[in-house]
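Chemist: Read off the chains here:
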Amino acid sequence: MMGEQKNSQLNKIQAPQAQLELMRISLQRGSKIKAQEIIFWVLALTTPLLLPSHAMMISEIAITALFALSLDLVLGYSGIVSLGHAAFFGSGVYSAALFAKYFLIDPTLGLLVCATVAGLLGFICSFTVLRGSDLTRLMVTLGVALIMLELANQMDWLTGGSDGLQGVLMGPVLGQFNFDLQGRTAAWYSLVVALVVFCFVRMLVNSSWGYTLRVIRDNRLRAMAIGVPVSKILISVYTFAACVAGLAGGLLAQTTGFASLDVFGFDRSADLMLMLVIGGVGWLYGGIAGAIIFKILQSELSAVTPQYWMFWIGLLLIVLVSVGREKIKGWFTREYLVSLLTASTNKSGGAR
Amino acid sequence: MNFAVNDKTVLSAQALVKTFGGIQATQNVNLDIKAGARHALIGPNGAGKTTLINLLTGVLNPTSGRIELLGEDISELSPHLRVKRGLVRTFQINQLFDSLTPLETLSVVVSQQFGEGSVWYKTMGLSNQILERVAQLLEQFRLTDVMNTQTSKMSYGRRRLLEMAIALACQPKVLLLDEPVAGVPTGERDELLATVAALPADVSILLIEHDMDLVFNFANRMTVLVNGAVLTEGTPEQIANDPQVKAVYLGQTQIEGHTHA
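Those sequence lines, one after another, are chains A and B.
352 is the number that the numbering used here gives to position 352 of the first sequence; each next residue is one higher, with no gaps.
198 is the number that the numbering used here gives to position 198 of the second sequence; each next residue is one higher, with no gaps.
Pulled out of the complex, with its shape left as it was, chain B reads as follows (with noise of 0.2 Å):
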């Protein structure tokens, strides 16, 4: 796959620490994501990677360090302010609006994007504008047809899909996946593979997979953690040669990936 990849760093983190209590969940972690990198962030169960989601998005605060998006240090920001400058995650595990529809939940979305989401005095849903932008997204996502289903009454695999239409709704500049597609049944699985292989190229994407298939199909750079720290970053031919990571993760996780299929 070829993306348009130049040097021009949208994310990065600068000599990233965090202690919870004794223990350093992440050491001293430099990570540069470039503008429209597909970046997968690979490493073993209890390795960091949560916890460096949750410092880059602001959940956590980091003991130490300093993390930029565009050049601008937004290491004090507050996690929805991340969002508006274009930092958007998606979660491991679903966390959708249960009682709305996939049509309300985008409309939400939306309207916070175009700056109408405090808007008290008219009714949500007026304005043609965002609505053009949730019909896409709901098309782009194969919702249309549930959109006026009770998200809590959809199946895993659709809820899945609104997980990633809710993160893309939200206009990312830098996408950070958290497991795409963990836990979908087979039958849903390759809709899902394609919506997230047709994912806008100028969107920067950092990747967190332990599906190693979709890791090296996907990816053009690859971080490697281990133990809170960085073992190692490069291209997929690099990182699968690695001794290295061999060593301590691919042996270990392929044969995860086996049960877990």
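Excised from the complex, chain A in its bound form (with noise of 0.2 Å):
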């Protein structure tokens, strides 16, 4: 009886330190740091090295996954429609080219300075999404991006209007690594960038701030009703993926040596979606199995139908959606993505 006694006190004490721990494993969950991701990460860093012929493509995947992550933080987490996507990373593409015309070759203060604005826009645009439904959210965006698009087309003087910005020179990243006709430098310096932001990134979505988000994509009026700041949270948010966005534009200016309308074009907001439904929203790599899906496709269905491959295109988004979102997330978290990666890199091998 006494032992019982003495027992059950133990557990009283025990059990809430081990349910503590328990609590803490399952919070943590999505923010240990798996051995598939090291795995992908580091495979994609050597992919200049493995495809040294296919660097600039890599680079653009990379800056196009960059893009992507930065709407899933607004579509996937926090929940807010945005067809205009494209005017963040336009104007990320303008300022870089311009800044690194105008004023400094640095690539890297570039990237401060095009993240800056496309922060600044993003914080004023960020009012206009905050009421409304989906629908008007989706004009808004839409119309924000069209007003960049003729504001750049306008003002020629500045950006060259329709025929670009040309004769953009960078100088070395960190004064160290000069850019190379083969674009590996490229590459890399796009590749790292998106895996410092994907880190930060990745920080942010697994802290309170970042649960705050999906609290308030699940459900506006509780999240009011929990002493949540909806307002503040969705300004911050919207504010940092336009810097992300503006990021990723700076990029493609930088390792491209050249600017154009189309950055800002419907096409780029428009495709950046469709690969984030490919991909899967509200999961990092779900952006990044996206662009690089949708990225390999568009190249080598365009080598093959130049004319038709968005059939293809919309053939697979059909199939996708038959199929399932959820079903389709299963084969892109597992090992899925890696052996995509590794195939490729076997096939291109064994071509040379």
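Just so you know, these hints were derived from the structure itself, not from any lab.
Check the hints yourself; a few may be wrong.
Said to hold, decoys possible - Each computed DMTMM-like pair below joins lysine to aspartate or glutamate, with the alpha-carbon atoms no more than 20 Å apart:
#1 A/232 with B/116
#2 A/232 with B/76
#3 B/153 with A/218
#4 B/122 with A/21
#5 B/173 with B/32
#6 A/101 with A/180
The two chains are supplied separately, each in an independent frame; assemble them into the complex guided by the hints.
Modeler: Structure (structure tokens):
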């Protein structure tokens, strides 16, 4: 009897500690770094070595993935639909190109500038997405991108108008690594920036602040009723996502040395949303997977059928949506992504 | 039931008016909730109970009138700031975060309470203080065994419990319970009623409910709302024996209550 009592007392003292530990493990499941992730990023960072002839393509994929990450924060995590994300991307492109052309050719400083410019634009635009329905948000975001497009078109004394902004020369990255013609430096530069931003975003979405985004997405009314400052959080996430999109744009301008009006185009916003749908919204690798799949398909298919490649993208979308997102998500969460990468690596390795 | 009720008013609505177009949804309502009270707000459908709750919590702005919480004017305060001051509600229809688990949900709410809601530089769930409070809430609302189940996949009764757990996690001084047992199947009902009865005595509660058994078991003060205006207020005995109330209200809901059951 005495022993039993003692035992139950011990349990009472120990159980909460064990319970807290269990809870902590559950809560941190998402933020634990997994082996697949390390493999993925190591593979990604070695691709410029493995596939030197595709270096520019790799750089473009990294940039697009970063851009998709930005939309995922807004759409997937916070539930704000946007058909005009190119506004921030484009403003990043032009501010990076103009900064390099007229002020300094240092890429790192250029990135700071384009993130700041895009962030400012995002901050201003964030007030337009706080209220209204999804439909009004689609229209407003689309409108902002169109305004930016026409501004860039009109101000040809600054932007070069429809001819684009050419002859942007970039200095070496960190004063060390010159951009080469093959694009290897560009690929690593884009990959490293994407990785750094990705790690930061990864930390964000697993923090209390990141969970607040999901809470707002799931139920805005209740979010308010538990004391979440909904508007403040949405303004901050929209501004931050715009910074990330601006960074992606800046990378594009810096690695290609060119800025043209199509960076503001509707296609760019719409393609981005397609990528997120393909990869899956609301998880960080969704945008990356979508960008990789979309870009590879685009390049492979347009080589086969230059005019009709969108047909296959359309078909893929219909299949994806019919099969169901959950099931498709399952394919991508596992080693599928890695095997996809290794498969394409082997293929071109064999070709060589 | 004995609850410590003193004369201190914690929540007070003064001459509250809300008009939608030409319709007066709330007509000059005066309502005082005393500290520690178990106050029930009853009234037939369309009496303006939900509008009143929305006015008190700040979802709607009153056309005129004044709302005081703990002696301070909160009429102009936005909803989330009223929550911070201790005015918390539950919803008649569950308002949950479907993609999160109860553990995640309560961690978010408690983090918010502990001023860590906007912390972005560290993973959620590191602080022992927060985890302890979450564990306590999970235990109190019997959600520990489903703490890792996605909310959308839980049974209705459990979701109802989570609905209340979220509200209590906000450390309310005044809790507005909007039909807490609405739609709960009989099997899960007792558990819910027990949880309602076991709510901390120092939390003042305004209960909106159609279920007369619950109201008369629970409340020590009642206000009857009809057509947006206060018909009468008193102890449960006074209300039960009020011929006016019987005429406009009780007969009607008893029928309703039976059809619901």
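Chemist: Starting from the hint list further up, note which numbers the structure goes against and sort them upward.
Modeler: none
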